[in-house]
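Visitor: Using this note's numbering, you'd call the opening residue of the sequence shown number 1 and step up by one each time.
By construction, these hints were calculated from the structure, which means they are not laboratory data. All residues carry an ideal CB built from backbone N, CA and C; glycine is no exception. It is possible that part of the hints are untrue.
Claimed, not checked - Simulated pairs of lysine to any residue, SDA-like, Cα-Cα distance not exceeding 25 Å:
1. Lys85 with Pro226
2. Lys154 with Leu121
3. Lys152 with Thr191
4. Lys154 with Arg140
5. Lys102 with Tyr132
6. Lys152 with Ile164
7. Lys42 with Pro77
8. Lys102 with Asn134
9. Lys115 with His65
10. Lys170 with Gln138
11. Lys50 with Val86
12. Lys151 with Ala198
13. Lys50 with Thr74
14. Lys211 with Cys175
15. Lys221 with Leu200
16. Lys42 with Lys115
As the list claims (entries may be wrong) - Simulated restraints, written as ranges between beta carbons of each label pair:
17. Cys109 with Lys85: 16 to 24 Å
18. Gly224 with His66: 17 to 25 Å
19. Lys115 with Leu89: 19 to 27 Å
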Amino acid sequence: MTTFLNGTISLWFLIPMLAFFISLAFHTIFNLLPKLNSKSGKNLPPSPPKLPIIGNLHQLGNHTHHTLQSFAQTYGPLMLLHFGKVPVLVVSNNEAAREILKNQEHVFCNRPHRKMSDIILYDSKDVASAPYGNYWRQIRSICVLHLLSAKKVKSFGAVREEEISIMMDKIKQCCSSVTPVNLTDLFSTVTNNIVSRAALGGRYSGGEGSKFWEPMNEMMKILGAPVIGDC
1 MTTFLNGTIS LWFLIPMLAF FISLAFHTIF NLLPKLNSKS GKNLPPSPPK
51 LPIIGNLHQL GNHTHHTLQS FAQTYGPLML LHFGKVPVLV VSNNEAAREI
101 LKNQEHVFCN RPHRKMSDII LYDSKDVASA PYGNYWRQIR SICVLHLLSA
151 KKVKSFGAVR EEEISIMMDK IKQCCSSVTP VNLTDLFSTV TNNIVSRAAL
201 GGRYSGGEGS KFWEPMNEMM KILGAPVIGD C
């Protein structure tokens, strides 16, 4: 009886695992076959070897920029990586970047769709996350006209000078007390304060504005975090 129960329990554990691996195999095959059939007609850039499902994600490491630099030395200034099922073209020299960003801008001007942008930025309605099209051109025009025009930028010159002066005072205080200076925090704070004062009329740090420090930092971390569904 005990042997029968042990065998039954083992079978119940085995069936879900077997079903998972079978579905994984079918998923891999159905994703690979169209790509294999279409490769013959495409002149794709060189690419490092990749794994099924995850592509080149396992090769990026903790310092992605170092990894990409190493790849560029091996595969050249134009290479193709796969982040999951998403193909990513990596450009590593001035000539190729100029060709893509200037001469072929209409081909590469769109943005990848990200789940976090949909959740936090109202279905990617922000100018930095909206897909290229009529809507994006409209909100870009609004931003350029009302936020980034020469007259508008000049009107906030005093705000920029004041915030930079505050930052320099903090650096002087740290130097006087022989305290390490965290430039990352300082530059982030001064940038956020300038934007906050221009858009909302108040400082991002200090006083009531300090209440937004933690939520804003958390939101930026969430927006930058990788999501498996995007791959």
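Visitor: So, for every hint listed, does it hold in this structure?
Guide: Right, here's what the structure says about each hint:
At most 25 Å may separate the alpha-carbon atoms for a hinted pair to count; Lys85 and Pro226 meet this at roughly 14 Å. For the proposed pair Lys154 and Leu121, the alpha carbon gap of about 29 Å is over 25 Å, so the pair is violated. Of the supplied pair hints, the one linking Lys152 and Thr191 holds, its CA atoms being roughly 17 Å apart against a limit of 25 Å. Among the hinted pairs, Lys154 with Arg140 is consistent with the structure: their alpha-carbon atoms are about 19 Å apart, no more than 25 Å.
Proposed proximity of Lys102 and Tyr132 is supported: the alpha carbons are some 16 Å apart, at most 25 Å. Among the hinted pairs, Lys152 with Ile164 is consistent with the structure: their alpha-carbon atoms are about 19 Å apart, no more than 25 Å. With a CA separation close to 19 Å, the supplied pair Lys42 and Pro77 stays within the 25 Å bound. In summary, the hint linking Lys102 to Asn134 is supported, as the alpha carbons are separated by about 20 Å, within the 25 Å threshold.
Between Lys115 and His65 the CA atoms are separated by roughly 24 Å; this keeps the pair inside 25 Å, and the hint holds. Taken as a hint, the Lys170 and Gln138 pair is broken in the structure, with Cα atoms around 40 Å apart against an allowance of 25 Å. About 12 Å separates the Cα atoms of Lys50 and Val86, which keeps this hinted pair within 25 Å; it holds. Restraint check for Lys151 and Ala198: satisfied, since their Cα atoms lie roughly 13 Å apart, inside the 25 Å limit.
With a CA separation close to 15 Å, the supplied pair Lys50 and Thr74 stays within the 25 Å bound. Proposed proximity of Lys211 and Cys175 is contradicted: the alpha carbons are some 28 Å apart, above 25 Å. Of the pairs offered as hints, the one joining Lys221 and Leu200 holds, with about 22 Å between alpha carbons and a cut-off of 25 Å not exceeded. As the CA atoms of Lys42 and Lys115 are separated by approximately 29 Å, the hinted pair breaks the 25 Å bound.
With their beta carbons about 22 Å apart, Cys109 and Lys85 fall inside the hinted range of 16 to 24 Å. About 18 Å separates the C-beta atoms of Gly224 and His66, a value consistent with the hinted range of 17 to 25 Å. At roughly 22 Å, the beta-carbon separation of Lys115 and Leu89 lies within the given 19 to 27 Å, and the hint holds.
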